[in-house]
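A.B. asks: Please work from the sequences and hints to get the whole structure.
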Amino acid sequence: MTGRTEWPGDGPDSSRAEKEPSPQDPAERARAICLRLLTGTPRTRKQLADALRKREIPDDVAEEVLARFEDVGLIDDAAFADAWVESRHHGRGLARRALARELRTKGVDPGLVQEAIGQLDSEREEATARELVARKLHATRGLERDRRLRRLAGMLARKGYPEGMALRVVRQALEEEGESTDGLEEGY
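Residues in the sequence shown are numbered from 1 upward in steps of one, following our numbering.
Honestly, the hints are just simulated from the structure, not real lab data. Nothing here was measured: the structure is a model prediction, and the numbers come from that model. Wrong hints could be hidden among the right ones.
[Stated by the list, open to error] Pairs of lysine-lysine, BS3-like flavour, derived with a Cα cap of 27 Å:
(1) K46 <-> K106
(2) K54 <-> K106
(3) K106 <-> K159
(4) K136 <-> K46
[Stated by the list, open to error] The following label-pair restraints were derived from C-beta to C-beta distances:
(5) D71 <-> D25: 17 to 27 Å
(6) R101 <-> G164: 15 to 25 Å
(7) L143 <-> A67: 13 to 23 Å
(8) T41 <-> G118: 16 to 26 Å
C-beta: ideal position from N, C-alpha, C; glycine also.
C.D. replies: See below:
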């Protein structure tokens with residue numbers, strides 16, 4: 001006897017057993033996978049479900065674990081969508097259309113997508129488009145007017161801005177700079 005009281009599970013392998021889920025227990029594996037994925041960045045329920053499916057967690061076990069994570073607030077697609085819209089609009093200048101596409105590819109419910117992009121009204125979206133154009137306008141100086149228009153409008157289009165808004169914002173920016181926009185067709 002060593003003079004030390006031994007407790008159940010106090011063996012040489014007990015600390016490792018507590019840290020690593022049993023490979024035979026799919027629920028423990030599923031919880032560990034979800035927690036690890038959620039540690040780095042927020043994820044949608046669909047992203048986690050896809051990761052569990054990829055790691056061959058049975059669907060019924062995955063559903064049970066994901067439901068429990070939702071119940072305790074570790075998965076919240078509405079909060080994810082709101083944060084995504086705020087972050088990507090402010091940081092990258094993406095418009096509602098591009099944000100909705102990104103959220104749909106991440107598996108966010110269409111109703112939640114609409115609520116999240118509803119945070120952005122058309123005035124805020126247009127103000128962001130103006131800021132983007134103002135930042136890029138100087139890089140197009142020296143180019144012919146039509147080429148400047150195409151480059152700036154194309155940049156906005158890639159970020160999901162509607163064509164009409166993009167053209168209007170670019171024309172106004174060019175006019176404010178003293179560039180004539182006479183003779184430009186509406187669809188150009």
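A.B. asks: Hints first: check each against the structure and report whether it holds.
C.D. replies: A quick look at each hint next to the structure:
no., hint, verdict
1, K46 <-> K106, "holds (7 Å)"
2, K54 <-> K106, "holds (16 Å)"
3, K106 <-> K159, "holds (18 Å)"
4, K136 <-> K46, "violated (37 Å)"
5, D71 <-> D25: 17 to 27 Å, "holds (20 Å)"
6, R101 <-> G164: 15 to 25 Å, "holds (19 Å)"
7, L143 <-> A67: 13 to 23 Å, "violated (56 Å)"
8, T41 <-> G118: 16 to 26 Å, "holds (24 Å)"
Hint compliance for this structure: hints 4 and 7 are not met, and every other hint is.
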